Amino acid sequence: MKEMNDAIFEPERYELFAAPRYLFEMDRREFFKSLGGGLVIALIIKDSIAQESGGGRAGRPQAPQEISAWLRIAKDNTVTVYTGKVEFGQNIRTSLAQAVSDELRTPMSNIQLVMGDTDLTPFDVGTFGSLTTPVMSEQLRKASAAAREFLIDLAVEAMKADRASFTVADGKIIHTAANRSLTFGHLIGDQMITKAIATNVATTPADRWTVAGRSAPKVDGRAFVTGKHKYTSDLKLEGMLYGKVLRPPALGATLATCDVKEAQSASGVTVVRDGDFIGVAATAPHTAERALALIRAEWKLTPQPSRKEIFDYLKKHPAKSMEGRRPAEPFKKGNLEEGLAAADKKLEASYTINYIAHVPLEPRAALAHWQGDKLTVWTATQRPFGVRSEIAQAFRIPDSQVRVIVPDTGSGYGGKHTGETAIEAARLARAAGKPVKLVWTREEEFTWAYFRPAGVIDIASGVSRDGMITAWEFHNYNAGASAIRPLYDITNQKIEFHASDSPLRQGSYRALAATANHFAREMHIDELSRALGLDPLEFRYRNLKDARLRAVLAAAAETFGWAKRKSSQGRGFGIAGGMEKGSYVAMCAEVAVSSGRVKVVRVTAAFECGAVVNPDGLKNQIEGSIVMGLGGALFEAIDFENGKILNPRLSRYRVPRFSDTPAIETVLVDRKDLPSSGAGETPIVALAPAVGSAIFDATGIRLRSLPMVPNGSVSSR
Amino acid sequence: MPQLDINGKTVAVETDLDRSLLSLLRDDLDLTGSKYGCGEGQCGACTVLIDEKSARSCITPVRAALGKKITTIEGLEKSGRLHPLQEAFLETEALQCGYCTSGMIMSGISLLRKNPNPPREEILRQMEGNVCRCGDYLRIVAALEKAARAIKEARK
Amino acid sequence: MIPRGFEYFAPRALNEAVSLLQQLGPDAKILSGGQSLIPMMKLRLASPPYIVDINRIPDLNYVSEANGSLRIGALVRESDLEISPLVGSGYRLLADTTKVIADPLVRNQATVCGNLAHGDPANDHPATMLALEATIVAISPRGEREISIRDFFTGLFSTALQPDEILKEIRVPTPPPRSGGAYLKMERKVGDYATAGVAVQITLDEAGVCQRAGVGLTNVSFIPLKAAKVEDFLKGKPLDAAAIKQASEIAAAESQPMDDIRGSADYKRDLVRVLTARALKQAIDRAKGGA
Chain A
1226 MKEMNDAIFE PERYELFAAP RYLFEMDRRE FFKSLGGGLV IALIIKDSIA QESGGGRAGR
1286 PQAPQEISAW LRIAKDNTVT VYTGKVEFGQ NIRTSLAQAV SDELRTPMSN IQLVMGDTDL
1346 TPFDVGTFGS LTTPVMSEQL RKASAAAREF LIDLAVEAMK ADRASFTVAD GKIIHTAANR
1406 SLTFGHLIGD QMITKAIATN VATTPADRWT VAGRSAPKVD GRAFVTGKHK YTSDLKLEGM
1466 LYGKVLRPPA LGATLATCDV KEAQSASGVT VVRDGDFIGV AATAPHTAER ALALIRAEWK
1526 LTPQPSRKEI FDYLKKHPAK SMEGRRPAEP FKKGNLEEGL AAADKKLEAS YTINYIAHVP
1586 LEPRAALAHW QGDKLTVWTA TQRPFGVRSE IAQAFRIPDS QVRVIVPDTG SGYGGKHTGE
1646 TAIEAARLAR AAGKPVKLVW TREEEFTWAY FRPAGVIDIA SGVSRDGMIT AWEFHNYNAG
1706 ASAIRPLYDI TNQKIEFHAS DSPLRQGSYR ALAATANHFA REMHIDELSR ALGLDPLEFR
1766 YRNLKDARLR AVLAAAAETF GWAKRKSSQG RGFGIAGGME KGSYVAMCAE VAVSSGRVKV
1826 VRVTAAFECG AVVNPDGLKN QIEGSIVMGL GGALFEAIDF ENGKILNPRL SRYRVPRFSD
1886 TPAIETVLVD RKDLPSSGAG ETPIVALAPA VGSAIFDATG IRLRSLPMVP NGSVSSR
Chain B
784 MPQLDINGKT VAVETDLDRS LLSLLRDDLD LTGSKYGCGE GQCGACTVLI DEKSARSCIT
844 PVRAALGKKI TTIEGLEKSG RLHPLQEAFL ETEALQCGYC TSGMIMSGIS LLRKNPNPPR
904 EEILRQMEGN VCRCGDYLRI VAALEKAARA IKEARK
Chain C
2 MIPRGFEYFA PRALNEAVSL LQQLGPDAKI LSGGQSLIPM MKLRLASPPY IVDINRIPDL
62 NYVSEANGSL RIGALVRESD LEISPLVGSG YRLLADTTKV IADPLVRNQA TVCGNLAHGD
122 PANDHPATML ALEATIVAIS PRGEREISIR DFFTGLFSTA LQPDEILKEI RVPTPPPRSG
182 GAYLKMERKV GDYATAGVAV QITLDEAGVC QRAGVGLTNV SFIPLKAAKV EDFLKGKPLD
242 AAAIKQASEI AAAESQPMDD IRGSADYKRD LVRVLTARAL KQAIDRAKGG A
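Protein chains in written order, with my numbering: chain A, 1226 to 1942; chain B, 784 to 939; chain C, 2 to 292.
If we strip away everything but chain A, and leave its shape as in the complex, we get (with noise of 0.2 Å):
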């Protein structure tokens, strides 16, 4: 539970304790509801980590938070799953189906999962950190476990026989000497039955699984490929309008002066200013846009660093806001002056990382509908209990009149766990008297939600002729604390976070700050490397004990070919690894460097994240991290003066495309015998080191600043 606790914790999840945006008068009223007949399992957890949910303004959920996971069985059979996780793309509407599957003995077609819908399912955290699989599939695999058992008590009942003459299979209970089987759905029947069950129920181990551990298509596919599945932003209710939001020239701008008065008076708008807030309303999205330009806005801008000094700023800037909170220790091992004074080579060096963005293709939406006191709010959220904390708080209600449901969402990637949208949308519903859809544009999804920490990460280390390890000095400054410590065994270690004042809206990213500090621990193990001229796996291997970590580097060695790889100018060859979240990963990346222009050719990925699931759809999640991490290790960064983003759109900020995309090959490392844990974010952490050794095997150029190649050449810089 330790570490699971930290990984809620985690410091650079700055996004969760930013003071709300909004805070609007409400009304109190109460709310009910209500679940349907027929079998319902629900796990009661003790320790829960919902108990203890989220930080800062999570809280005050209004479910009973020691139910962690429920499911119903229907006289007809099907299986609902209620769960708070939510989709975006990570196929986990898909993996926990199997799970249930799996437990169930009961085909996936009967299984449905309703997701994300804090009236429906039990309260949760959010849809982070990796969490959903070693967490959430297990609680699910319990509830399926008990319900399958519960059915097999009321069929002793029902055909009075012994308990042990029954298995479990399709759907039935199946009395096989009698060559007799009853359904779920015959057993229950009309009765309404709730039980509660604790933690300690037996699960079926990974090498008994028949549904989880092979490749599974995604269950509602159809949908998808034929246009149908509705995003948020394709909802639509009767009556419904369109909102729009007025937007500061500069981030930290404040309102001066206001005159709405020529946008009031345009026929079906409604016109919101409370506070510095200040939107539309309209029938239609063009009449929406027309009414706010009539807005007329003077706005106060203060100072602000630029991206030309942010690093700087950056040592120099303590956090104003982490003041009172937990310091960061620095973690000390041994004894660094001796660790340095022992190195027969030293090594100072300094990493720099651009914020990026996200670039969710769809941006953030919302859409909300008032009745009477009760709100609705659907919107793309990684955190629908968390989401509708903040909209309570905003409209000072009780958690229990806001209804939040996220319906499976155009992509996330940490960049979705904040509800501004669903605040905004349902600030204009209130005065409209009418369900509002509110979807930001790009640049809005750019310049108004969060970007991944810019940082810089000082490394002083020490090295023995024969290629150990003897000091290690690790300073990030702002990019954040995940992964900072090294799996490699240095005796002599000093380690330390500082956070900064960021200028920029920072919070989480896929695989947060694990992307920077790998980044700067493997360039400069690749560095120390090749001063030595040392093989750069060979000198991990020196280095390193963790058995896991091994296997991984030497499962991507043996399929890349790295020992018989033929550097030359101009094509070069690199290797990376690390762990985080508890998987495990290791890539190598072949470049060619031509006029100065990089083209990663080829990278192959290991991975193992303990007992695998979903193989096909684990692959599709490596492969993904891989296209993804290409961005920023590469080319994205995001560029601002002055409290302005200058490159919030598409044809400025760069994103991977078809061409970028290297040939893939993925080696997964199955490890029945270990429990499973997350993969959606940890392969991305060893792209952009494997990459950066190789440009540097192939130009002899070491590049220490993410991106790597921001004008898509090494020599322009």
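The hints are all genuine.
Computed list of lysine-lysine pairs in DSS-like fashion (alpha-carbon distance at most 27 Å, straight line): (1) A:LYS1486 / C:LYS43; (2) C:LYS190 / B:LYS836; (3) A:LYS1540 / A:LYS1557; (4) C:LYS238 / C:LYS282; (5) B:LYS852 / B:LYS836; (6) B:LYS792 / A:LYS1461; (7) C:LYS43 / B:LYS851; (8) A:LYS1420 / A:LYS1397.
Because the hints were derived from the structure by calculation, they are not lab data.
These numbers come from a predicted model, not from an experiment.
Here the structure of chain A is known, so what remains is to put chains B and C in place on it, guided by the hints.
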């Protein structure tokens, strides 16, 4: 009254003709399969076919589409049967969040009409105008290759 | 974002379009493929009060060879050129260029003539047409006139077209035997403007001596650049490795790039050098009948 031919149906247009075709499809006609991703013709999520050729509906004014044959993702399924490229997307799991999928499929169909047997290089080049943030590019290429084979088989 | 309001006209005949332009004056903008103009309007980088859409005018979509030149009508899309066998076999430089413009979604709609009329030195066709010595046919109430491509580009986003003129046709002289051309560009990503681009068109005599040379440069100046010094240097010379090397250095010197997000001026100059050498080699191979 101006009319549009969308998925084989004639639709009367009673709106400002300077609006984008994308907004008309999504907001007025409930054809929400075409997506908004950037609004400036960079991501391809809004791709439709205009007279059989792929086009970005977010930068196509409604009036530019008058009198032309428009096909959206919703118009591909014929009496319950998916287009071979839709099938191929499912078979190769060429999607994660699915938000880019309809644009990818429309661009892919335009490409396969131009070149029923495109080599991999050609696919990469011709699909360059569509962005998938989940990074499923290689699977989308595989889906296109699979669909090309299926179409060829069906013609035999 | 939707564009600011404007008045829209969709003439059905060329003369109607021309007289509209005359009435509306210099603030009117012609809409053909809309792949530059519409995004600019949506982002409010351009807000023309009048739009004259020429898409409904018949008989402007043709690619044909007549009287010693290739004729490209005002409504020919880039994708039309891409699949034209005539262009693919006889006008390799043009075929090269078309293939690397923006992305296929843009090429399906964007017109070749629009690419020139925009007067953007970052566009690709200007350099190519400069290398090919194309002629522009413009139509106005005063009738048709021909403009040499040398005189066509007059400044950043400005051309020799008068406010009441429409670019009706591009004429590209049919290359004589033993001709070859190539277009190479470096871009940060497909769809981005060129960091730099080079268009080369040459004709050799039987002995391999250069008879004619055209060289255009993309996005290394405010006005699309015809590299006249390189052309002069090449003419009358056997095109061996030394000549190619020297020509590429002259091209680099002749370019006038600026520092920007795509790279430093020095880097771009070096790119021009590398690309010129490569394009020349390819053009020579093609002139000699190679690929």
